[in-house]
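Quick mapping for you: the protein sequence lines, in order, are chains H and S.
First residue of the first sequence: 1, per our numbering; consecutive thereafter.
First residue of the second sequence: 1, per our numbering; consecutive thereafter.
If a hint is listed, it holds; no wrong ones were tucked in.
Copies of one chain are not kept apart here, so a pair can be met inside one copy or by any two copies together.
Straight line, CA to CA, 20 angstroms or less: simulated EDC-like cross-link-like pairs of lysine to aspartate or glutamate: (1) LYS186 <-> GLU13; (2) LYS157 <-> GLU170; (3) LYS45 <-> GLU76.
Honestly, the hints are just simulated from the structure, not real lab data.
Protein chains: 2
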Amino acid sequence: MASIIGAVTLAHEFIRSRVKEGDVCIDATAGRGYDTEFLCSLVGKSGKVIAFDIQEEAVESTRRLISEKGYDGIAEVVLDSHANMDRYYDGEIDCAVFNLGWLPRGDHNIHTNADSSIEALSKALEMLKDGGILSLSIYYGRETGFDERDRVLEYLKTLNPSVYTVIVSEFTNRPNCPPICVFIVKLVEV
Amino acid sequence: MASIIGAVTLAHEFIRSRVKEGDVCIDATAGRGYDTEFLCSLVGKSGKVIAFDIQEEAVESTRRLISEKGYDGIAEVVLDSHANMDRYYDGEIDCAVFNLGWLPRGDHNIHTNADSSIEALSKALEMLKDGGILSLSIYYGRETGFDERDRVLEYLKTLNPSVYTVIVSEFTNRPNCPPICVFIVKLVEV
Chain H
1 MASIIGAVTL
11 AHEFIRSRVK
21 EGDVCIDATA
31 GRGYDTEFLC
41 SLVGKSGKVI
51 AFDIQEEAVE
61 STRRLISEKG
71 YDGIAEVVLD
81 SHANMDRYYD
91 GEIDCAVFNL
101 GWLPRGDHNI
111 HTNADSSIEA
121 LSKALEMLKD
131 GGILSLSIYY
141 GRETGFDERD
151 RVLEYLKTLN
161 PSVYTVIVSE
171 FTNRPNCPPI
181 CVFIVKLVEV
Chain S
1 MASIIGAVTL
11 AHEFIRSRVK
21 EGDVCIDATA
31 GRGYDTEFLC
41 SLVGKSGKVI
51 AFDIQEEAVE
61 STRRLISEKG
71 YDGIAEVVLD
81 SHANMDRYYD
91 GEIDCAVFNL
101 GWLPRGDHNI
111 HTNADSSIEA
121 LSKALEMLKD
131 GGILSLSIYY
141 GRETGFDERD
151 RVLEYLKTLN
161 PSVYTVIVSE
171 FTNRPNCPPI
181 CVFIVKLVEV
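Here chain H stands alone, though its shape is the one from the complex:
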């Protein structure tokens, strides 16, 4: 069945090719829990996924999904801002996943914002081990998200190019504000 490739498929291809059993991942924006579930399926019982969301509705959705899938022993779902992620884990991580925007099927007026997103990205990039990855999907449109999109993309340009490979991918022939996918690999030049 042929179909169009979207941001989720692209991000999952990138993550799947690099995350393995036993890895430690952070889902910085749990939302409905789909990425938390996906990460749990990759890291397995020897791995760990810590998911964050500031909306109770999102945390509940994610906990329910994780429970249904039998991943309770792998994922921890935290009701707090992703900007505080370093309070909940103090080791190195293999992967961090961010979706900036609104809660799917939630209130479009409640949206991630540039200040806390950039703070959280900065912490996650610091926590990444060498060879670790960060996947960031930026959703914007209607009246929201444009400022966050611009400021986050500007911030990413400032990352040290000898440590971080920042790849910004855009669906340039799609109408109506298609999401932007960012893939970052932390590597030390040798």
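Using the hints, position chain S against chain H.
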């Protein structure tokens, strides 16, 4: 050994994940033959690779490399413009690879140009089967390639979004005109 990810690695990851034994590929810009060789290694003896270059030096380099690697039975190297690719193969293809710019270790003044590149891209996209892919790396810098880069990227925006997924990837935190990687998947929405 950790190291920075470059355009070639990124393009090869994309191609490797989708090209398989028996596939038919076009290397639209043979250059020193590295992509022709890479494609031959993926499609094997039951596959076919047709490579084009307008510079004799490039065609000779590519033929030599292919011969050294034992891929003579797989690759055909043609001294002609990629804009004429449809004269050399009239079936559907699985993959096309383009590198726009100058010949590596060659004369920087001899450069692909927007008109023939866009004509060749258009033919390759037409020849792709559903599910087929096109990888395009755009090199530019010094005084050359900026016009071609801009016109090619503008052209790609005009492709039908229900048929072609066009993903333009940029290394946004690198200085000095890093190459732009474009990945296209031809798919019919179902």
